[in-house]
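Trainee: Sequence:
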Amino acid sequence: MLMNEEDCGSITIVQLATHRLSAAALPALLASRDKLLARGQHGMLIDLGRVRRITTAGIAALVELAAQFKPGYPLAFCNAEPTVATQIAASHIATLLPHFPTRDCALQSPPFLARRLTGTKALILCAGAGSRMAPLSAACPKPLLPLFGTPILTYILDHLGQFGIDDVLLNPGYHGDQFLKFRPTQPQQRLHFFNEGRHDADGWHAEPIGSASTLARLHHRHNMLTSDLIVLCGDALVDINLADMMRHHRNTGATATIATAKVPRASCQKYGILQTDSTGRVLSFQEKPTPAQALSNLANTGVYIFSPTVAPYLIDAPDQDIATHLLPSLLKNGRLISAYEEPFEWVDLGCPHDFAQAHFDALNAQLRTLAPAGQKMREDLWCGKGAHLSRRTKITGPCYIGRNATIEKGVEINGPCIIGDNCRISGPSLIHNSIILADTQVHLGAWIDGQITAPTWSISHADADGTLARHPHPALDRVGPIELSPTHVSQNKGIRA
Numbered sequence: 001m002l003m004n005e006e007d008c009g010s011i012t013i014v015q016l017a018t019h020r021l022s023a024a025a026l027p028a029l030l031a032s033r034d035k036l037l038a039r040g041q042h043g044m045l046i047d048l049g050r051v052r053r054i055t056t057a058g059i060a061a062l063v064e065l066a067a068q069f070k071p072g073y074p075l076a077f078c079n080a081e082p083t084v085a086t087q088i089a090a091s092h093i094a095t096l097l098p099h100f101p102t103r104d105c106a107l108q109s110p111p112f113l114a115r116r117l118t119g120t121k122a123l124i125l126c127a128g129a130g131s132r133m134a135p136l137s138a139a140c141p142k143p144l145l146p147l148f149g150t151p152i153l154t155y156i157l158d159h160l161g162q163f164g165i166d167d168v169l170l171n172p173g174y175h176g177d178q179f180l181k182f183r184p185t186q187p188q189q190r191l192h193f194f195n196e197g198r199h200d201a202d203g204w205h206a207e208p209i210g211s212a213s214t215l216a217r218l219h220h221r222h223n224m225l226t227s228d229l230i231v232l233c234g235d236a237l238v239d240i241n242l243a244d245m246m247r248h249h250r251n252t253g254a255t256a257t258i259a260t261a262k263v264p265r266a267s268c269q270k271y272g273i274l275q276t277d278s279t280g281r282v283l284s285f286q287e288k289p290t291p292a293q294a295l296s297n298l299a300n301t302g303v304y305i306f307s308p309t310v311a312p313y314l315i316d317a318p319d320q321d322i323a324t325h326l327l328p329s330l331l332k333n334g335r336l337i338s339a340y341e342e343p344f345e346w347v348d349l350g351c352p353h354d355f356a357q358a359h360f361d362a363l364n365a366q367l368r369t370l371a372p373a374g375q376k377m378r379e380d381l382w383c384g385k386g387a388h389l390s391r392r393t394k395i396t397g398p399c400y401i402g403r404n405a406t407i408e409k410g411v412e413i414n415g416p417c418i419i420g421d422n423c424r425i426s427g428p429s430l431i432h433n434s435i436i437l438a439d440t441q442v443h444l445g446a447w448i449d450g451q452i453t454a455p456t457w458s459i460s461h462a463d464a465d466g467t468l469a470r471h472p473h474p475a476l477d478r479v480g481p482i483e484l485s486p487t488h489v490s491q492n493k494g495i496r497a
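The numbers in full-length UniProt numbering rise by one with no breaks, and the one at position 2 of the sequence shown is 2.
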């Protein structure tokens, strides 16, 4: 029986080139299965679009293939003509034959999506100091900053896991020792650390080298560019379909593919802007142009795929940046750089204002990439495990109360508000439109409005546009670190999550 085979990432699509499907098809299907598994593929999708008739024995052959397929590897069928689909649906064994109306429907289903990029490696850039995120980044690298108590890095890793990406490279630099304690939520994921820093008797010393220099070091010293490599920034949330982006990358034959997002022209000066032709080929780059200078409103989101053909252009020297040095070099040397322009959610967490806005947008169900964690106590209130709320507390949502936080009697909270893990809020006090970071104690008489507040500093989130590193950040009155008191137990009856 004639068959055409096509790889879509780690999934092989088999097009049956026959008008009548019978039991005679089974040996050829089993041979195709053996061949794709031997090549390291992780799933099989059988396209029935050319089949006009299927016999009962033909259905039995498909069931036998399913029974003999490798456990845990997806197998499904698609594109069946109405008469064939009806025959399969009418059989008593139809549940063993998952069928999708189109190839894309099958490939976007969770079983296939979770296998499409199996074997692909991803690099999450996390060496930078994150100075625009000051003062939040003073004691914590940006990728480990918590969103509803969960590090940004966890959200990125979980998204990679949806596509079967289990080998992830990290380049810890600033506060790099903190990454060594990090553990992914998906046990099959393996983190490979390529440190840009060193330990000595005085502790950890960051030595970041630049994003393109990181790629060069991975290639020249560790041979990590033998296949397509996905590169992401460690300070942004995305729901991009990486499998579709990879298919676009391979179909175009690009040396580099850049995921892009359309931004308002008035905001172009915040981003790297790309100019492309009608095919999506990148023609030029502009770094933060004014609205009048911008040649387009297509922004570089910091999500890339690089082919092994990028290797000759990687300079093993410090201070080489992907956007500033590598991409212009590829363009100058005539290499194809393609823009991936399919829409996706991109939450750029560049400064404290972005950090606060992401929380508030999530509380109002405006994001797909982020949602409040914990138990939903009512429509506008979420509580982490171990949180305790006095019944004499007044809370107007939307609000999130973190794990093991205590809200005592007389406290009034008007959302949107985030109370971090282990916080203790004493009353009477008023908190409005604010984020109280983990391990902060708010004493009675406090009034906090429009702030991101930590034990030793506080800032207005509306004005926190990335320039605060140059300014002092005094603590608020009646706010400080948690006072360690083993005898402190709230005596108020309340609600515990």
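To be clear, the hints were calculated from the coordinates, so they are not data collected in a lab. Errors might be hidden in some of the hints.
Said to hold, decoys possible - With a straight-line cut-off of 16 Å between C-alpha atoms, the simulated EDC-like cross-links for lysine to aspartate or glutamate are:
| id | residue 1 | residue 2 |
| --- | --- | --- |
| 1 | K35 | E6 |
| 2 | K70 | D34 |
| 3 | K262 | E341 |
| 4 | K270 | E287 |
| 5 | K262 | E345 |
| 6 | K262 | E342 |
| 7 | K394 | D380 |
| 8 | K394 | D421 |
| 9 | K270 | D354 |
| 10 | K262 | D348 |
| 11 | K35 | D7 |
| 12 | K35 | E5 |
| 13 | K270 | D348 |
| 14 | K270 | D465 |
| 15 | K385 | D421 |
Trainee: Each hint: holds or not?
Mentor: Against the structure, the hints come out as follows:
With a C-alpha separation of about 13 Å, the suggested pairing of K35 with E6 holds against the 16 Å cut-off. This hinted pair checks out: K70 and D34 have alpha carbons roughly 10 Å apart, not beyond 16 Å. For the hint linking K262 to E341, the alpha-carbon distance of about 8 Å falls within 16 Å, and the restraint holds. Between the alpha carbons of K270 and E287 the distance comes to roughly 9 Å, so the proposed pair stays at or under 16 Å and holds.
The hinted pair formed by K262 and E345 meets the criterion: a straight-line CA distance of about 11 Å does not exceed 16 Å. Note on K262 and E342: the hinted pairing holds, with a Cα-Cα distance of about 10 Å set against a maximum of 16 Å. For a cut-off of 16 Å, the pair hint linking K394 to D380 stands: about 13 Å separates their Cα positions. About 19 Å separates the Cα atoms of K394 and D421, which puts this hinted pair outside 16 Å; it is violated.
Among the hinted pairs, K270 with D354 is consistent with the structure: their alpha-carbon atoms are about 13 Å apart, no more than 16 Å. At most 16 Å may separate the alpha-carbon atoms for a hinted pair to count; K262 and D348 meet this at roughly 13 Å. Straight-line distance between C-alpha atoms of K35 and D7 comes to about 12 Å, which keeps the hinted pair within the 16 Å bound. A threshold of 16 Å between alpha carbons decides the hint, and for K35 with E5 the separation of about 11 Å falls inside it, so the pair holds.
The straight-line distance between the Cα atoms of K270 and D348 is roughly 11 Å, inside the 16 Å bound, and the hint therefore holds. A threshold of 16 Å between alpha carbons decides the hint, and for K270 with D465 the separation of about 11 Å falls inside it, so the pair holds. Proximity of K385 to D421 is assessed by CA-CA distance (about 9 Å); at most 16 Å being required, the pair is judged to hold.
Against the hints set out earlier in the document, a violation occurs for number 8 only.
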